[in-house]
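On the provided structure of chain A, position chain B as indicated by the hints.
2 protein chains.
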Amino acid sequence: MSLVLHHLRAQGGRSRAQLAVETGLAKATVSSLVVELIERGLAQESEISRQGAVGRPGVTVELDGTRICGLGLAVHVEYLALVALDLQSNVLHEEVLPLEVDQLTPDQVLDELAGLVAGAHRVLDARGVTIVATGVAVPGVIDLDEGLARFAPNIGWRGIGVRDGLADRTDLDPASIHVENDAKMAAIAEFAHLSDHALRDVLYLTGDIGTGAGIIADGELVRGWSGFAGDVGHLPFDPARTPCSCGRVGCWETQVGLLAFLRRATVEGDPARNRAVRLDDRIRELLRRADDGDLRVRAALARLADDLVAGLSILTDTLNPRAVILGGYFGFAGKYLLEPVGAALAQRWTTPGSEACLVGSRLGLVAAAQGGAQHALDQVYLDPTLAVRERVTDAVQR
Amino acid sequence: MSLVLHHLRAQGGRSRAQLAVETGLAKATVSSLVVELIERGLAQESEISRQGAVGRPGVTVELDGTRICGLGLAVHVEYLALVALDLQSNVLHEEVLPLEVDQLTPDQVLDELAGLVAGAHRVLDARGVTIVATGVAVPGVIDLDEGLARFAPNIGWRGIGVRDGLADRTDLDPASIHVENDAKMAAIAEFAHLSDHALRDVLYLTGDIGTGAGIIADGELVRGWSGFAGDVGHLPFDPARTPCSCGRVGCWETQVGLLAFLRRATVEGDPARNRAVRLDDRIRELLRRADDGDLRVRAALARLADDLVAGLSILTDTLNPRAVILGGYFGFAGKYLLEPVGAALAQRWTTPGSEACLVGSRLGLVAAAQGGAQHALDQVYLDPTLAVRERVTDAVQR
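Note that the protein sequences, when read in sequence, are chains A and B.
Heads up, the first sequence is in the working numbering, so the first residue is 1 and it goes up one at a time.
Heads up, the second sequence is in the working numbering, so the first residue is 1001 and it goes up one at a time.
Okay, chain A solo, but in the shape it has when bound (with noise of 0.2 Å):
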């Protein structure tokens, strides 16, 4: 079922006779699992009328993207979001909840996202549309067998049960619920939505209060062996030693993480610093700023893209990834940022052909939580029993 879908995803609709040569499967076989596959709501049925022809008409299998939704949250420090994706990754419900996470305690972060999905339950129900599965994905180190933030300074939490905290408070199955850190879950929708697919090297920077990052390598998420592969934000690039909220002193994220460029960016009480707006909007007023010439934020973003630099060198001689995709408040402000950064970067490359090339995230705020739907439909994809089987439908097995 899964060889069948999988086949369905990448080639489009098509008949039950091609989707047997195809897959090498025997036509019984693929009649049965197609049968299944639509009492599951994954695949439907369409009549495509061939011009000319003669005889019945044939019958396309298809994805069907009505009835099923993988679900994705994402804890940020400074926002939630949730976002729900059918099953050929188009967007069914998307939201943005601005929240002092670092101010509240884990409970009533899950609480809030709760809430969010009580919110989502109604506007998917209304349409007919079932959860399936779901991602979390939480700014921090991630035990994925347990569901488990093991440590996320930023928002203070260490060893909190995200998957079963979640599902103690919603009708949500924990065995359907996959916790991921953030920059790893957002790589994953921004590489699930690069046009070009010959591109198989892929680094994700977040920009968040903290930063970290998602590798994709040909094609694969690099988690290392315990899950902190792309730990990047505490790398010691600061030679001045700023304290971090980790505990250790000179962390790359104390120069280049949202509070340090807001200091520099703006004074005390200044509405940018306000987190009760959404901090794209903040960002933009910023840019609006640096636009008309204010020299103490053209100053803030020319400090930034140095420091970014400076770990970008390393990031990407270590790693060699074609895109670098810059998330977060790095990607809003991408218009001061991608070109001197880049062509800090294409200074140091010593093999013509070598570069990567810097783009900003497609996906704003959004990326890490459409990242946690990508994965939960992966699971889909993997397992297509995991939708369950509602309705016996009148399709015969041509």
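I should point out that these hints are in silico values taken from the structure, not numbers from a laboratory.
Some hints could be false.
Said to hold, decoys possible - The calculated label-pair distances, taken between Cβ atoms and stated as ranges, are: (1) A:145 <-> B:1023: 30 to 40 Å; (2) B:1146 <-> A:303: 22 to 32 Å; (3) A:357 <-> B:1378: 27 to 37 Å; (4) B:1025 <-> A:3: 47 to 57 Å; (5) A:125 <-> B:1220: 39 to 49 Å.
Said to hold, decoys possible - Non-contacting residues of chain B with respect to chain A, defined by C-beta distances greater than 12 Å in every case (computed): (6) 1007; (7) 1010; (8) 1274.
By construction, the Cβ of each residue, glycine as well, lies at the ideal position given by its N, Cα and C atoms.
For chain B alone, kept in the frame of chain A given last:
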């Protein structure tokens, strides 16, 4: 054929009937594939007497380690190395030739490599062993498709056609020659040698005039999009901005490279600087002096440990490997490096149970050459027809 061959490698000798059951292939198919594997010198039969069983004895099919080999060659700044491995990765032949490669032209070095190949040919021919593929390790950025060393600053190579140059000088078929970066080849060899098969994330660090990393993530070699992932010797970890052979300043290998170490550990004219002597012997001599209390050597080793920590902190945070393997001269000096470097790295980890373990290379001077041979064998496992069908066997299809 590849499936059967992989299965024999992973599972060991077994009957045709077992092979059919375990691979899912038809028994007749297995029988004809086995005949062909035998004809190509990749498999052999042996009779097993089953204690107490009646009827004719069982016949087991197993890998034939005796008639074909993968050849590995490695160019290092201070020596060349050659390793021939049989299909079961046993060493058939090995040679290390001290050579001041950076003082020779690329043509002269290729001549010397061809000489090593000729010598190996004589040994292997006498034993009836055929070379089926060759892997060549070069300390630089490689163009895989063209078999070209794009940029290898420590030996002054830029755009050198290693594959064609070697094919011209030997009877090796250019299509059977694969060129790859030395750290990547060494990582392949060390990874294949790990006894713990649960260990999937490894960082290998070469210790030569230059240094580079071979990154294995979840069992796969990370190359990056243009092949220079792991080119960590030129990371800007030297605040004193020492000029480097690559044309930049402040590169890590200006501090941890062999030349810097020898300059610190010895004075002009010291026999440890004599490049005609094997590197492992020279380093062992320096360790003896350190054991005897030589303060100069001890200080150089302590400094080397500090400089290794500076870079490895960043690489282990970024990649989260389970094991870090110190190659080349780092490995030979492991007695003075493993403990202090490991302890300093362990202090960084904020989440318990995430530690990388630090070990010395098991393969020493021939790690990269052995990786070349391993890489060559991998080609045969992927495409057994690389082994020429030399004789028609009288094996019957049972």
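Query raised in the report: Is the gap between the beta carbons of residue 145 of chain A and residue 1023 of chain B within 30 to 40 Å?
Result: Between residue 145 of chain A and residue 1023 of chain B, where Cβ atoms are some 31 Å apart, the hint holds.
Query raised in the report: Falls inside 39 to 49 Å, the C-beta gap from residue 125 of chain A to residue 1220 of chain B?
Result: holds (42 Å)
Query raised in the report: Regarding the assertion that residue 1007 of chain B does not contact chain A, is the least Cβ-Cβ distance greater than 12 Å?
Result: Nearest chain A Cβ is 20 Å from residue 1007 of chain B, so the label holds.
Query raised in the report: Taking the CB of residue 1025 of chain B and the CB of residue 3 of chain A, does the distance hold inside 47 to 57 Å?
Result: violated (19 Å)
Query raised in the report: Taking the closest pair, is the beta carbon of residue 1010 of chain B still more than 12 Å from chain A?
Result: holds (22 Å)
**Report entry** Given as non-interface: residue 1274 of chain B, partner chain A, CB spacing beyond 12 Å
**Finding:** Given that every Cβ of chain A is farther than 12 Å from that of residue 1274 of chain B, nearest at about 31 Å, it holds.
**Report entry** Cβ distance range 22 to 32 Å for residue 1146 of chain B and residue 303 of chain A, holds or violated
**Finding:** violated (42 Å)
Requested in this report: Starting from the range 27 to 37 Å, see whether the pair residue 357 of chain A and residue 1378 of chain B falls in it by beta-carbon distance.
Outcome: Since the Cβ atoms of residue 357 of chain A and residue 1378 of chain B sit about 32 Å apart, the hinted range of 27 to 37 Å holds.
The structure is inconsistent with the numbered hints 2, 4, although it conforms to all the rest.
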